[in-house]
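Trainee: Each chain, letter by letter, is given below.
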Amino acid sequence: MLRIKSLHLKDFGAFKGEQAFDLPDGEGVTVFYGENMRGKTTLLNAFRFALFGKIIGRGRRPVSFHDMINWEARSEGARSFEVQLNLTYAGADYRLIRTCRPKGSASTPIGHNDYVADYYLERGGHILSPQQAAVEIEQILPEQIARFFLFDGELLQEYEDLLHGDTDMGPKISQAIERILGLPTLTKSRESLKAALDKAEERVAVAAQGDQKTREFGNQLQSLVEEREVLTGDLFRHEKDLEILRGRKVAIEDDMRRRERMASLLDKRDRLAGEVTTLEGVVQQKKDDITKAMSPAWSAILRPQLTAAVAAHRTREADLQSAVTRAQVLHSLAEGHDASCPTCLQSVSSDAQAKIRALLPDVGVGSPDADQRELGSVRRRLDALENQLALANPDALRVLWSDLEARRREVYSKTAEIEEIGKQLTGDAEDELKGLRREYDSVVRQIAALEDGVKATTEKLATNANYRDTIQKRLDKLAGGQMESERRRRDLASRLHDLFKDSVDVYRDQLRHRVEADASRYFKQLTTEQDYEGLRINDSYGLTIMHRDGSDIPIRSAGAEHVVALSLVAALQNNAQLRGPIVIDSPFGRLDGGHRSKIVEVLPDMADQIILLVYEEELPPARAREALKGRLRAEWALERQSARHTELVKR
Amino acid sequence: MALEKTVDKKTIGITTVNERVLASLAAEGLFASEIEAAKFAMAHAIDKDVTRGTTEGAGTKWNVGSVDSDGALKAVVEALFPDESQPYRLIEHLMNEGLRLFANSGALPPDVAGVLFATKAT
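Taken in order, these protein sequences are the chains called A and B. The first sequence begins at 251 in the working numbering and counts up one residue at a time. The second sequence begins at 46 in the working numbering and counts up one residue at a time.
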């Protein structure tokens, strides 16, 4: 049984200087009232820091140690913070002190990596060695199940992990749950009996080798036993390596989450660089298009002049055409080719013809030949002018140039953005993040390879077991002599192992059903929805809400998740060999008044020691006193001294 | 001298001073060649009502066949300047005057788009 006695803080978060609170003996609820940003979540983090050296912020992101030193104290020169947790466990008194201070090499610490957190653990007044301290903290409260004792209503994702067995944390959490439920005692016994069985089998093989009748089978069996040992050793190593790698993967994910901003800057920069490269290709294409279109650009400038010239030339063409036609007619009349005038149809006399001949110029300006030549020249120029006008298309050129300009502006803008990002990225941060990503990819690949290895080795072990079984059966038919006693020993070990194996499976199922029943009971007490029948549990202790018609509620709101998570916490406390306090921050989340009332009523039944972190509007003190009555053991207030200084005051 | 001037030019040249402007104009205007850029400069000079004349010291850069392979340029200049007896000499002069206008308008490179789209629509 784990009980918290007191918590001492020094310059931790909003809590400036040395501050402390103690919890009363006996069962009940202690309530801490504090408005937003006064330090309620910081108190929860104080427990986390003391026990595990971690501080978690919004969205499960780790909080930098540098940011946890009380700001006012830091401005006065403080460079460290400390949390001391006094508790009792299994009848012994413990004192756990964890201190965060700058690393020796950091003259001016500015970030998380400039700090180091050290701790020591006392039991009964004696300081334990680091190795022993680590083992005992792990026993007092394994980190994987801390979420069931340090409940943060804003981190509900952690409970959803249980629903999905394929997450990295899911199996680890369910193993840890089984530990609090006491399963390891049985599973360890089962493993011991397995070892005894393996040993017995080996002795059968050796005995069989000693008898000529059974020597061949004995040799085969011995060989299979040796192979089994090798495969078992391989499997053990694979699983150990997998555990380490999975832990490393989670740690890298934590680290990457801390550097999320840097990562997102890098991603943005890389994306922008890609876009710039694409745009530069587009710009070049636009330039090529413009080059093709600029050939007649000179005539686009002269469009008005060309148009005026075309008009003038057309007029001149018309005049010349008239003159040429008149001259041709007069010439024809003068030469007597036509007897009558084509216009008035009167006949033309010889005198008239002579007069006409006198009027017509023979050569030079005004002569029919000169006019004809000029007409030809005017027409050639008109053709040239009209061709150039047709080619001149300033509107099309305008569109092309505008488009190019727009693309160039885009390139410029994105390049400027890349430069700005570059200023925010420090060389080290970028390299570290790239290194982390490479390591993450490598770890993921190694995990996949190891999982394949585990699967393959497990299959080989199964095949090995089948062969061994076959040979055992053959040996059993040839019973006699020394083999008989070894065979009986082996049979006994086998039956005991099977008994424990079945017992573990049965007990596990019973435990799960008990947790399911208790969680359902709590859920029905906490929920206001009458159509909900209860909860159903899966193999990894994930809970699904069941409708009274027997169907599952597959998707649930944050509010429902909240209630389910609280139900699981309460159910585990009920069934655990490890029972302890529950510290609850944001107990109500986004729950409505109905749910809140129910939670307050049920709280004292959930655990022997409850610490509640709320604000007064969430749970008015009068209401808490009325609902909890004699089980309300103490009230504390987180009182504002300044924006960065909160004091713990007992009411 | 008077006899030489009655025969039109067979080559077209750009003055040494204008060569740099021409190169800058060709690059900035994305022209396929300096010939196209030179035609553009010529058109700019016509548009700005540059006085007709002769450019001395232009040297030889292109022959007229390269500049005006189909005679269209000559036909257009003759249409715009009907009483000009030496259209290619005039073309050479207008090209150089146009480049001088670009150089005098401010720093290089020339504002090709500005000239192109400042044209009055008809």
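Hint data in this document are derived by calculation from the structure and do not stem from the laboratory. There's no promise every hint is true.
[What the hints assert, rightly or not] Here are the computed distance ranges between Cβ atoms for each label pair: (1) A:Val532 with B:Ala68: 35 to 41 Å; (2) B:Gly159 with A:Arg630: 53 to 59 Å; (3) A:Ser663 with B:Gly98: 31 to 37 Å; (4) B:Ala68 with A:Thr676: 24 to 30 Å; (5) A:Arg648 with B:Phe126: 26 to 32 Å; (6) A:Arg648 with B:Pro127: 28 to 34 Å; (7) A:Arg623 with B:Ala68: 41 to 47 Å; (8) B:Gly151 with A:Arg623: 26 to 32 Å; (9) B:Gly151 with A:Pro312: 54 to 60 Å; (10) A:Ser663 with B:Phe126: 46 to 52 Å; (11) A:Ser514 with B:Ala68: 44 to 50 Å.
[Said to hold, decoys possible] Here are some chain A residues the structure puts well away from chain B; computed CB gaps all over 12 Å: (12) Ala543; (13) Leu556; (14) Ser627; (15) Asp645; (16) Glu655; (17) Ser753; (18) Thr794.
Just so it is clear, CB atoms sit at the ideal spot from N, CA and C, and this is done for glycine as well.
Trainee: All hints, please: hold or fail.
Mentor: Hints, verified against the model:
no., hint, verdict
1, A:Val532 with B:Ala68: 35 to 41 Å, "26 Å, violated"
2, B:Gly159 with A:Arg630: 53 to 59 Å, "34 Å, violated"
3, A:Ser663 with B:Gly98: 31 to 37 Å, "47 Å, violated"
4, B:Ala68 with A:Thr676: 24 to 30 Å, "44 Å, violated"
5, A:Arg648 with B:Phe126: 26 to 32 Å, "28 Å, holds"
6, A:Arg648 with B:Pro127: 28 to 34 Å, "31 Å, holds"
7, A:Arg623 with B:Ala68: 41 to 47 Å, "43 Å, holds"
8, B:Gly151 with A:Arg623: 26 to 32 Å, "47 Å, violated"
9, B:Gly151 with A:Pro312: 54 to 60 Å, "58 Å, holds"
10, A:Ser663 with B:Phe126: 46 to 52 Å, "47 Å, holds"
11, A:Ser514 with B:Ala68: 44 to 50 Å, "46 Å, holds"
12, Ala543, "9 Å, violated"
13, Leu556, "7 Å, violated"
14, Ser627, "8 Å, violated"
15, Asp645, "9 Å, violated"
16, Glu655, "8 Å, violated"
17, Ser753, "85 Å, holds"
18, Thr794, "67 Å, holds"
Violated hints for the displayed structure, listed by number in ascending order: 1, 2, 3, 4, 8, 12, 13, 14, 15 and 16.
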